[in-house]
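J.: Each chain, letter by letter, is given below.
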Amino acid sequence: MSGQERVPRPAHLVEAVLLVSASPIGASDLRSATGLSEQDLVGALTDLRERYDPEASGIVLREVAGGYLLSTNPSCSPAIERFRQEARPAPLSGAAHEVLACALYLGPLTRGAVSRVRGVNSDAVIRSLIERNLLVEVGADHDAPGSPALLGVTDEFLAATGASSRKDFPPVDSLVTQEELARVRERLASSVTTPPDAGSESS
Amino acid sequence: MSGQERVPRPAHLVEAVLLVSASPIGASDLRSATGLSEQDLVGALTDLRERYDPEASGIVLREVAGGYLLSTNPSCSPAIERFRQEARPAPLSGAAHEVLACALYLGPLTRGAVSRVRGVNSDAVIRSLIERNLLVEVGADHDAPGSPALLGVTDEFLAATGASSRKDFPPVDSLVTQEELARVRERLASSVTTPPDAGSESS
Amino acid sequence: MTFEPLGRSLSDFTVELDVYSGPYEWLLALILKDELEIFEVPLRELVESYLLARHPDAANALERDTDFAGSAAALILLKSRTLSPAIDADTEGIEDEPLSPEELAERLTEYLKVRRAAEHLKDRLAQNVGHYVSAHTIAPRQGSLGIEPDRVSLAARQAFSRLIEPPVRHLGPITVTLQELAGIILTAIAGGAISYESLTSDMDRLNRAVAFAAALSLAQDGSLTLTQAEPLGPLTLEPAR
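Protein chains in written order, with my numbering: chain A, 1 to 203; chain B, 1 to 203; chain C, 1 to 241.
Note that these hints are calculated values from the structure, not bench results.
In silico EDC-like pairs for lysine to aspartate or glutamate, Cα to Cα no more than 16 Å straight-line:
| # | chain 1 | residue 1 | chain 2 | residue 2 |
| --- | --- | --- | --- | --- |
| 1 | B | 167 | C | 150 |
| 2 | C | 79 | C | 45 |
| 3 | A | 167 | A | 155 |
| 4 | C | 79 | A | 123 |
| 5 | B | 167 | B | 155 |
| 6 | C | 79 | C | 40 |
Just so you know, these numbers come straight off a predicted model, no measurement behind them.
Using the sequences plus the hints, can you model the full thing?
T.: Pasting the structure below:
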């Protein structure tokens, strides 16, 4: 560290601004607050990545939801929970993961569309996800009767999954193998060809 | 959790806890949150004094009011002020709109009443609306056990909606049916009274 | 959502399920807070683990059975409500018309993708848990927030017209115990097999649910045999051979 400096270094300006935000700050907002050039900002972020590396610090620099965010190192979370006397939020249910997957990969889509894809009414799950700020109404489907709201994932969702953007998820087709899909079709083909008048046992 | 996760160093634990507190934390609270011995805490604080030295960092460690606090380096305050001016406040969630609607149309009312009307615990949403100065405690319900605080909307809320007074909002009976309103009133009034003949659990 | 408060008699009853392990009371709380999906909770396993943990000779055995039967009945109601078709306008689009095999295949394929994506998200969320953000935030400038008055009205309409059911309260306090119903059931099957439908035809919904719990309990200890020829088909209670 060089001696007495009066003018703060770029990394100092950036870390100070990051301290006062609980949500990710994008590069352009960081630049306009700090007055740094693009190059200086890049340099500052490189310094800070090292300073707030998960191996070396209890505070980590995360690049999520299109911006930069300081947060506690997960290795320290038991201490945080003791300090706040708060239990870690309960993990989401399987149904909640499915609803989020619908919104992420098929969204924005209406409540009805989510329920149709999943085959069960999903309103309660959707409601609790909105409550947790992971889903949000992003508009309305004006072509449908009653213009139902369209649901999409939030920046909090991106931050919670450690994603910098929606593109940061694997394409859905890479998650399911062709063999699996073929098996579904096969099984289906064999089951529907059997009794011609059994048709009502859908559920 | 991955097995190779390392045990955080004392200084890491302390800095993580300091990040999540906006007010100074005393040594004994730091110790009970982190589980550190007195000696380890002293060592950790020595490390952190160096790491967050005003000459070397945009975030500084302050020792105030008998405790420890992270804050921004005063040399960075112009950047912080610009950030504050430019930052667009986070938009309100659907849950926040509902809580504000309860306070506007049914208020002043208690936290418990808001949760009963909405059918879901609303404490966290209420806390953030108070922090944002959109809700305020305007008194207390002395008829209820523990005299819980009554919440109402603030002038800032009215200003944010562009309304000059509550009367600028459509009357509640233009929004919902009489029957629905009666049900809401019932939920409001229900408080904690259990039916007289249900009586097995006293408390 | 409302629930008759549980007596504390079950405070030491813990359950081990795939979706949850811990105190039973907390399980109820999680379900009521929508943090756990009721249809993910295997009610049969729940009843079985209660029966395993049951101490018929304990001083508060009766109270425990009553509390358990009461809450289990409420869970059954909740579950059936969740699984039954939605009635609100938004989801009325879930059609009943039979699908062509192609459409069915299309839907299943789509669901399979969602399922896999959900598993991926679960891992990702788990890897990123435990990041707490700074508390050193600054309040935004006064007056910089705009709130749409229409959204406030809409929120009022939503909050005030929502049905916070399923109300369990209207079922009234529990007026029957597992033991009483067990007695009724044993008397009824003394003359031979009887269907659950006819056994419970005169009962109200709560008693029906408790009768179900009682029948399970009796089947568990070998006092009767429960048979169901086909899934969702009629349930028959027979004296144990």
